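Peer 1: What follows is the residue order along each chain.
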Amino acid sequence: MAFTIVCPVCGIRRSYEFRFGGEDKGPRPEEDTLTPATWCEYVHLNNCVAGIQKEWWFHRDGCGSWFTIYRDTTINQQVENSIDETNP
Amino acid sequence: MRLKSNSYTNGRLWGWNPPLKSSYDAVIIGGGLHGLATAYFLARQQKMSNVAVIEKRYIGFGGSGRNTAIVRANQRTQENIPLYKEALDMWPVLTRELDFNLMFYNCGNLNLAHSEAALKAMRLQVASAQFQGVQSHLLDPKGCKKLIPALDISDRPRYPIYGGMYHPPGGIVRHDAVVWGLAKGAAKLGIHIHQGTEVTGIGVRNKKIVSVQTDKGKIYTPRVLNAAGGYSAALSYEMLGIKLPISVLTIQAMVTQPLKPLLHHVVSSGAYHCYANQTLKGEIATGSHMDPWPNYTNQSTARYIKHQAEAMTELLPCLRGVKFMRIWGGLADMTPDMAPVIDGNNIITGYYMDCGWGYFGFKSCLVTGKYMAKFMADGICPGILKPFALRRFEQHRLMGETAAVVNYSPDN
Chain A
171 MAFTIVCPVC GIRRSYEFRF GGEDKGPRPE EDTLTPATWC EYVHLNNCVA GIQKEWWFHR
231 DGCGSWFTIY RDTTINQQVE NSIDETNP
Chain B
880 MRLKSNSYTN GRLWGWNPPL KSSYDAVIIG GGLHGLATAY FLARQQKMSN VAVIEKRYIG
940 FGGSGRNTAI VRANQRTQEN IPLYKEALDM WPVLTRELDF NLMFYNCGNL NLAHSEAALK
1000 AMRLQVASAQ FQGVQSHLLD PKGCKKLIPA LDISDRPRYP IYGGMYHPPG GIVRHDAVVW
1060 GLAKGAAKLG IHIHQGTEVT GIGVRNKKIV SVQTDKGKIY TPRVLNAAGG YSAALSYEML
1120 GIKLPISVLT IQAMVTQPLK PLLHHVVSSG AYHCYANQTL KGEIATGSHM DPWPNYTNQS
1180 TARYIKHQAE AMTELLPCLR GVKFMRIWGG LADMTPDMAP VIDGNNIITG YYMDCGWGYF
1240 GFKSCLVTGK YMAKFMADGI CPGILKPFAL RRFEQHRLMG ETAAVVNYSP DN
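Note that the protein sequences, when read in sequence, are chains A and B. Residue numbers for the first sequence follow the numbering used here, so the first one is 171 and each next one is one higher. Residue numbers for the second sequence follow the numbering used here, so the first one is 880 and each next one is one higher.
Everything labelled a hint here was simulated from the structure, so no lab data went into it. Nothing here was measured: the structure is a model prediction, and the numbers come from that model. We put the CB at the ideal spot given by N, CA and C, even for glycine. A portion of the hints provided could be inaccurate.
Partial list, computed: chain A residues near chain B (C-beta under 10 Å) [to be verified]:
| # | residue |
| --- | --- |
| 1 | Arg198 |
| 2 | Asp202 |
| 3 | Thr203 |
| 4 | Ala207 |
| 5 | Val219 |
| 6 | Thr238 |
| 7 | Thr243 |
Pairs of lysine-lysine, DSSO-like flavour, derived with a Cα cap of 30 Å [what the hints assert, rightly or not]:
| # | chain 1 | residue 1 | chain 2 | residue 2 |
| --- | --- | --- | --- | --- |
| 8 | B | Lys1139 | B | Lys1063 |
| 9 | B | Lys1139 | B | Lys1160 |
| 10 | A | Lys195 | B | Lys1122 |
| 11 | B | Lys1185 | B | Lys1160 |
| 12 | B | Lys900 | B | Lys1067 |
| 13 | B | Lys900 | B | Lys1185 |
| 14 | A | Lys224 | B | Lys1139 |
| 15 | B | Lys1063 | B | Lys926 |
| 16 | B | Lys1087 | A | Lys195 |
| 17 | B | Lys1086 | A | Lys195 |
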């Protein structure tokens, strides 16, 4: 289902202008201590949350910004952050 | 996971509603085709009938009843072809065994190429199929037109037809019939199918499965199969903390108004991203690409109605002006290499996974059910399923099921 995303530069735009950039998995793992399992987790593995998740988007057909939003995957709408990030 | 389950199950549900026992030898989460097939083969071939299938809504609610019913065995890789070949051979056998008409129609699949590069990729795919004893051959545009006279093989379309890959033993199977046939067959052998029952937790002690918690009560069991289709990755992470290389995307399909017979084969095109067949009622059933963001809605979009209309009228111009009657969406659990995750009895003893089928889950259900049942009964993975282990992702041994760079997962 199509929806709208608020781009930090361009404001509210339709979702087809954007490319989904994956779940927010935190910073890229350090390479000197990298194991195949950690890399696999960063690259391939997902939480697939049915609910609110923090995720990356790229404004492909717009300003070209990368940014994160919170979206409820069960209703497919951008929402205000309700995840307690200090206690994940 | 947060969707209310009871809103779907207020009406009449399929069949007999057995009482929920406090213990079973195995619990299968998901009353879709993979879960039902595994239950059926557990009872039939492994003599394990003290088995429960737990379904949150009703059997066939998910991808099992939402796919476009196409079956074929012309996969790309050596690991996948034998599995799909056996799957294709099983439809007539199961029709007899279940005494239920699955309406298998082996009309053949024609996959169109719209560039030299696509033809080249098809050559490899045809050679791989032939090497494994699967009928498949290349056709020139005239050969395609001979099979489907309505095809436009002129240079008018934006991407003209360069040729095609024809796979005669493939075709279509009535997907609802398979759900009902397997459910009836399994129930007859003593399997308990609990519809309208939601799994709320999985009990693990000392890295061993001990129980499954449902909204209707607790079940003690040493074996659990995650066959929850589109919901399997969320279930795996929420209940066991096991992350899977899956993205859940909505895929849409639609049917036109009924027409006189004009399409006697399954036709598909990677470049236009559409696949179509004419149903027994005369409707053209056609499927499209996925909305490129993970979500758990089954909602459809105007974008794909337009896309599908454009693609179908490019390939089959006689469809201009024909109306779509219905559109629907379903969830596809996509992996990065378009091959499933079949694994189990290692991270947690007694926990089995049959996930990540993406949109190949329909054609593979019988064969996977058969070998999954053996896996669950013996605790040892049968050779044919071994290549699909979860570890392949950290070993960088992804399968080559995609021909070229196709952006199936939303991350690339």
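Peer 1: Against this structure, judge whether each hint is valid.
Peer 2: Do the hints match the structure? See the list:
Because the closest C-beta pair between Arg198 (chain A) and chain B is about 14 Å apart, greater than 10 Å, the hint is violated. Annotation: interface hint on Asp202 (chain A) violated; nearest CB of chain B at approximately 18 Å, more than 10 Å. A distance limit of 10 Å between C-beta atoms decides the matter here; for Thr203 (chain A) the minimum to chain B is near 15 Å, and the interface restraint is violated. Residue-level restraint check for Ala207 (chain A) holds (minimum Cβ-Cβ distance to chain B is 5 Å; threshold 10 Å).
The interface hint given for Val219 (chain A) holds, since its Cβ lies 7 Å from the closest Cβ of chain B, which is under the 10 Å cut-off. Because the beta carbon of Thr238 (chain A) sits about 14 Å from the nearest beta carbon in chain B, more than 10 Å, this interface hint is broken. Interface restraint check: Thr243 (chain A) against chain B, minimum CB-CB distance 5 Å, threshold 10 Å, status holds. Between Lys1139 (chain B) and Lys1063 (chain B), the direct Cα distance comes to roughly 34 Å. Violation of the 30 Å bound is thereby established for this hinted pair.
Taken as a hint, the Lys1139 (chain B) and Lys1160 (chain B) pair is honoured in the structure, with Cα atoms around 9 Å apart against an allowance of 30 Å. Pair hint Lys195 (chain A) plus Lys1122 (chain B) holds up; C-alpha atoms about 12 Å apart against a cutoff of 30 Å. Distance check on the hinted pair: Lys1185 (chain B) and Lys1160 (chain B) sit about 23 Å apart at the alpha-carbon level, within 30 Å; holds. At roughly 17 Å between alpha-carbon atoms, Lys900 (chain B) and Lys1067 (chain B) fall within 30 Å of each other, so this suggested pair holds.
Simply put, Lys900 (chain B) and Lys1185 (chain B) have alpha-carbon atoms about 49 Å apart, too far for the 30 Å limit, and the pair is violated. Distance restraint check for Lys224 (chain A) and Lys1139 (chain B): the Cα-Cα separation of roughly 50 Å exceeds the 30 Å cut-off, and the hinted pair is therefore not satisfied. Proposed proximity of Lys1063 (chain B) and Lys926 (chain B) is supported: the alpha carbons are some 17 Å apart, at most 30 Å. Simply put, Lys1087 (chain B) and Lys195 (chain A) have alpha-carbon atoms about 29 Å apart, close enough for the 30 Å limit, and the pair holds.
Restraint check for Lys1086 (chain B) and Lys195 (chain A): satisfied, since their Cα atoms lie roughly 26 Å apart, inside the 30 Å limit.
In terms of the numbered hints stated before, the structure departs from hints 1, 2, 3, 6, 8, 13, 14, listed from lowest to highest.
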